[in-house]
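Modelling step: build the complete structure from the supplied sequences, incorporating the hints.
The listed protein sequences correspond, in order, to chains A and B.
For the first sequence, this note's numbering gives the first residue as 132, with consecutive numbering after it.
For the second sequence, this note's numbering gives the first residue as 132, with consecutive numbering after it.
What the hints contain is simulated information worked out from the structure, not anything from laboratory work.
There's no promise every hint is true.
Each pair may be met inside one copy or between any two copies, as identical chains are not told apart.
Stated by the list, open to error - Within a straight-line C-alpha distance of at most 30 Å, the following computed DSS-like cross-link-like pairs (lysine-lysine) qualify: (1) LYS257 / LYS200; (2) LYS133 / LYS247; (3) LYS156 / LYS247; (4) LYS199 / LYS189; (5) LYS181 / LYS156; (6) LYS156 / LYS189; (7) LYS133 / LYS181; (8) LYS257 / LYS247; (9) LYS133 / LYS257; (10) LYS189 / LYS257.
All of these numbers come straight from a predicted model, not from anything done at the bench.
Protein chains: 2
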Amino acid sequence: MKITSRFTVAVHTLLAIYTFQGEHKLTSDFIASSTGVNPVIVRRTLQSLKAAGLVDVKAGTGGAVPVKKASEVTLYDIYSAVDCVDGNLFNFHDSPNPDCPVGRSIHRVLDPRLQKAQEAMENELKSVTLAELRIE
Amino acid sequence: MKITSRFTVAVHTLLAIYTFQGEHKLTSDFIASSTGVNPVIVRRTLQSLKAAGLVDVKAGTGGAVPVKKASEVTLYDIYSAVDCVDGNLFNFHDSPNPDCPVGRSIHRVLDPRLQKAQEAMENELKSVTLAELRIE
DNA sequence: ATTGTTGTAATCGAAACGGTTACAATAATT
DNA sequence: AATTATTGTAACCGTTTCGATTACAACAAT
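Here it is, written out as structure tokens:
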């Protein structure tokens with residue numbers, strides 16, 4: 132299994148907001164037509180980004196605007212905003228047998244390695260800002 | 132979404148095989164009782180590990196044995212064997228709009244960054260061998 | 001008051017997963 | 001040769017998660 136496309140949709144959404152800021156009104160319909168996903172999905176995405184302090188969304192009149200500078204938003208901020216992995220990237224089987232030496236130890240020996248792998252991935256996301264992804 | 136527990140089950144399975152080698156016969160039932168997952172799941176896992184050249188499984192008489200030394204098997208080998216992410220760790224939305232500058236460019240600007248993040252994670256998995264996870 | 005948009009609940013079908021049953025094929029043992 | 005234990009694999013199930021979609025009240029500008 133993989134990481135939800137909510138993440139790439141959110142990145143695309145923010146890129147569109149920064150790119151068309153001042154040119155077009157950034158409604159969910161407009162963003163939906165750029166991403167190719169349903170407008171309701173875009174609205175949910177915008178709510179996540181808003182909760183993370185990355186955008187403001189105007190109810191009623193419509194339109195999303197950026198809160199921060201593009202150079203101050205990392206891919207990790209977006210990844211966190213849409214909660215792709217709910218804490219742990221790796222699922223772990225539920226009930227290793229505590230009466231078996233291996234079952235008893237598996238979490239102790241494996242968890243730190245999985246954690247490190249996840250952090251390596253997330254650190255890469257932290258090293259990229261939206262400013263580096265600007266289209267034009 | 133996260134990475135399937137197939138991966139941790141496979142690691143647990145191999146650890147059990149190395150740990151109990153020569154002591155117990157490593158049947159799917161025995162491994163299932165250590166991992167807490169269904170014996171059929173264990174058999175499927177063993178088939179994946181066998182296809183990757185990590186174990187031999189004896190039909191009929193039963194029992195799995197390691198092919199390589201524990202120091203020669205990395206977490207990445209296991210991760211690859213069970214095919215956790217089918218190539219790409221990150222799902223990407225299907226139909227970005229080619230008539231929009233952002234939709235037209237999103238893959239070009241984002242794909243390399245996602246690839247790098249994935250590789251960082253996988254490189255961590257490559258750096259850990261089963262010998263470092265041995266229980267006793 | 002009208003209009004366009006957001007915010008959100010509800011429901012849907014598809015896909016993936018692990019669990020489970022069932023059973024033929026296999027190989028050692030008796 | 002028959003028995004026994006196990007593998008290999010197909011089939012099906014229920015659960016979960018996903019994105020898509022419909023619907024509509026709340027909202028704010030005109």
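Each hint, compared with the structure:
1. LYS257 / LYS200: within (15 Å within a copy, 37 Å between copies)
2. LYS133 / LYS247: both (18 Å within a copy, 16 Å between copies)
3. LYS156 / LYS247: neither (42 Å within a copy, 33 Å between copies)
4. LYS199 / LYS189: Classified as within: same-chain Cα gap 16 Å, cross-chain 60 Å, threshold 30 Å.
5. LYS181 / LYS156: within (17 Å within a copy, 56 Å between copies)
6. LYS156 / LYS189: within (11 Å within a copy, 65 Å between copies)
7. LYS133 / LYS181: Both, since 25 Å and 24 Å are each at most 30 Å.
8. LYS257 / LYS247: Close inside one copy (15 Å) and across copies (12 Å); limit 30 Å.
9. LYS133 / LYS257: Result: close both inside a copy and across copies, 19 Å intra and 19 Å inter.
10. LYS189 / LYS257: within (28 Å within a copy, 47 Å between copies)
Violated hint: 3 only; the structure is consistent with all others.
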